[in-house]
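Asker: Okay, here's what each chain looks like letter by letter:
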Amino acid sequence: MNHLSAIVGHIGGTLLLLVRTLKFIGTLPRQWARFIEQCYLIGYTSLPIVTILSFFIGSVLALQSGYSMENFGAKQFIGTLVGLTMARELGPVMVAILIAGRVGSAITAELASMKVYQEIDALTTMNIPPERMLVLPRLAAITVMMPVLAIIANLCGWYGGALVCEYTHTISVDSEAYFTALKEYMKPHDVTDGLIKAEVFGFVIVLVCCYIGLNTRGGPREIGASVTKAVVSSLILILVLDYFVTKALLMS
Amino acid sequence: MSTSPAFTASPFVGKTFGITVAKLTKKFGRTTVLRDIDLEVKPGEIFCIMGPSGSGKTVLLKHIAGLETATSGEVRIGEYDAADPETRNKVHLALVFQAGALFNSLSVYDNLALYPREHRECNEAGIRERVMHALSILSLEKAANKFPSDLSGGMKKRVAIARALVMEPQLLLYDEPTSELDPVMSATLTEIIATLREQTAVTSVVVTHDRDLAFAIADRMAFVMDGRILGVGRPADFKNPTDPVIANFLNPVIDLKNPRFKQLENSHE
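Chains A and B supply the protein sequences, listed in that same order.
Residue numbers for the first sequence follow numbering that gives the first Met the number 0, beginning at 0 and rising by one.
Residue numbers for the second sequence follow numbering that gives the first Met the number 0, beginning at 0 and rising by one.
Excised from the complex, chain B in its bound form (with noise of 0.2 Å):
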């Protein structure tokens, strides 16, 4: 895979930039999300935020997207207020989410034109020829006049990471981009975000709880647990975790003479 020149046309491409969360918090009427989150990302690096279901990890993307408000605190990407719709003129921000959030009334490349056809950042031929670009870094170039309804959950993930592309971002942020991926498919998405940093310097964050992917390509990680921060530092860092929280997260042990949700029910009683 080699950088194609249209991606490189773009101003935008090359300038990076690092995230600060201070004192980030969040309540959902009665409910508090997010506690007191202190997190700083630097500048072209992968930084993975790992955690069970529902401790706030998604919660917390969506702050640095700028699609939710923040309680109390801030997220501030570079110099510019997260939260500011103004910023995304500043910033390239590109999120793929979870399920893929593609417009099911367009086709797969219009999906990826939508972008620059909106934004009038080329021609026709332009937008082509970036719009083919991304579809061939994540091989979809026979999914191009395809409906999003006519494809598997994997291949919906890539779609939202080459429209992610197209946009030519300088902060990339993955939601659970492996979840109800095969393990082979995980694996290839694992490969595809590590190679888009090597070639685009692009900071990437990503929320996740597979511990292969984060293991494999993070440069740092954060653990959350109930909307805290219970750690943050390099992989090697929570190859032996001391928090026993952490360390049952990441080394689940399968006990099938005394499972877990009959302990749940136990404690329940």
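Isolated chain A (complex conformation) (with noise of 0.2 Å):
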């Protein structure tokens, strides 16, 4: 019961933080230099090792699916599998996983600290809200930056997949016939329901993770918990998240 309440009490703290940090969103203009610090921070940093894992899940979707597909002959619409996949689900899951790994822990490891050394007290004395300075440029970012790296997912998966197609001898699928089969079965629907998801997951995992920062109570030690509570969180959510938010895109 206590678990629950705590529960509760998290969820309620987090969407009061959302509504106090949405109350500043006029200022956001002239946090203009905070903005792309954190866009920078966010979403160039992230873009390498985006580019790489999404190439390398892409490559093994193709090489896992040649494999069983072949039994059926149905290797020519390996494309239209590895295109729907990344774009509907893992281009936005394993991003957003990344993200909660690379950016969330980054972030309330920040504001934990900031808070357990009494830089946030500093800021309220001085009536500088911390929802204002440290958590709206932030949730700024993630809302851009968070498509543009499922974008940039999608797109290396699919040229991954298509470079294992094309060069691995027990598929053999060209790329032009891989394309086409890409192209033919997807719809654009199919790609924007996939950047809802990742929106909608990158906004989520920066809200929790600057509620767990900003409530980071006690000393040094309390910093490490709090990362390692935001970083579970933002996992819990994201898969949960995705259950539902699927079922509502497909149902609309």
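For the record, the hints were derived by calculation from the structure and aren't laboratory data.
Using N, Cα and C, we set each Cβ at its ideal position, and we do this for glycine too.
Restraint ranges, calculated between C-beta atoms of paired labels, are given here:
no.	chain 1	residue 1	chain 2	residue 2	range
1	B	S148	A	T179	53 to 63 Å
2	A	G11	B	T31	23 to 33 Å
3	A	L14	B	T31	28 to 38 Å
Only pairs whose alpha carbons sit at most 25 Å apart, straight line, appear in this in silico SDA-like list of lysine to any residue:
no.	chain 1	residue 1	chain 2	residue 2
4	B	K89	A	E130
5	B	K155	A	A108
6	A	K22	A	F202
7	B	K26	A	H2
8	A	K182	A	F55
9	B	K41	B	E85
10	A	K228	A	T142
11	B	K145	A	D120
12	B	K89	A	I127
13	B	K26	A	R216
14	B	K155	A	G218
15	B	K141	B	R116
16	B	K14	A	I127
17	B	K155	A	I119
18	B	K155	A	G217
19	B	K155	A	T123
20	B	K89	A	V18
21	A	K22	B	R119
22	B	K89	A	T123
23	A	K74	A	Y184
24	B	K89	A	D120
25	B	K14	B	E197
26	A	K228	B	F27
27	B	K145	B	M131
28	B	K155	A	N126
29	B	K89	A	T26
30	B	K155	A	M132
31	B	K238	B	E190
32	B	K89	B	G43
33	A	K182	A	T167
34	A	K182	A	F76
35	A	K228	A	L97
Could you fit the two chains together into a complex? Lean on the hints.
Answerer: Okay, here's the thing in structure tokens:
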């Protein structure tokens, strides 16, 4: 019962943080420098790992599906399978997991350390709301960068799959046939659904990580505990939300 | 040291506030940290809150700064409720934290410039003038481009005071300003606190267990023990205290033949 009330309390606290942050949305134009800095930290610095990871996810997907689809004589549909899986599921989910581990943990560590060493209290006494200065630029940056990262992940995954199909003897589907199949059975909303999912995941990860960081109490040891809590909560939320958002998108 | 026009430009300067603490009680879980505190700080005075470690001084200061919410009772700054976030729009309040609480990712200059930039009080030239003036008062001009991690403990405290000055405060709160400092730096900070009050007539509340600091600068002082006020008065009233707890705190006798920690051990047996 105590756990349940704690979870309800955290959900309420996170929503309250969102409301307080959105109150300052009008200040975003004059926080341009902070927004660009966060775009760089969240987006640009995540780019190499997103590229590598999604390229190999697409490659493995093509390899595995080539192996199994050969039995059905359906190798010509590998492009469709890789394309749809990357765009609708693996692209947004893998990017979100990566962002939770790489960016979410960094956000929580920074804010928790600011809280423990009283920098957040200093901001409060200076009448500078932490929601305005610390949370808003990060939320705005993830909102802009997450679809960009998801598109790049999709492209890398598709090309990874194409390369594997072309150069693996057991599959031997050339790039032209692969991309023809990919285009033929994919609709624009398959891509946009994936981008919507990526957007939701990214926004929730950053919000939750900010909330946990700003609510850290105690000493340096609690900074580590908060980071663990933030990453674990984000991963759980990504997978739970994945089901519900997917269902909502399929129904719409 | 002279008062620069940069500090007199603010509409807040010249208006000072008193503080009224009424029946303030604070509990953290089952632990009561403050019990029925009643206190009054007059506008423009230096008020020292003394007491041993863990007596509740800092928690009391955090209530005045609006960083803690009272379990019961209230704190008022002038006519405003200290716990109401709106009060910060009406009163310029600055708190000098015990460890400085400087922003580690910002240079000393940017630490000081943050407040006027965020509140858009003046253009970058005006901000520069205010920041450099505050740094010059604390003899910190050469540290402007350094980062907090490059500074000694004493310099961090001076930067924290300079950051408070840039806010042109009407109420200046200090949490243990001389802790962890050598005697010369302690004396320097003591002089700085007194001089600032002389120049700006700012109401100052100083939480400390440094009796030299308190006796040197306080107009009035209070002694806190176990979350209760044991006495309030002028420094002269505490020169020869009748209360044995206050007397023991202010004039501890070092007895090597019968040390205190041995007495404590015996009392636990």
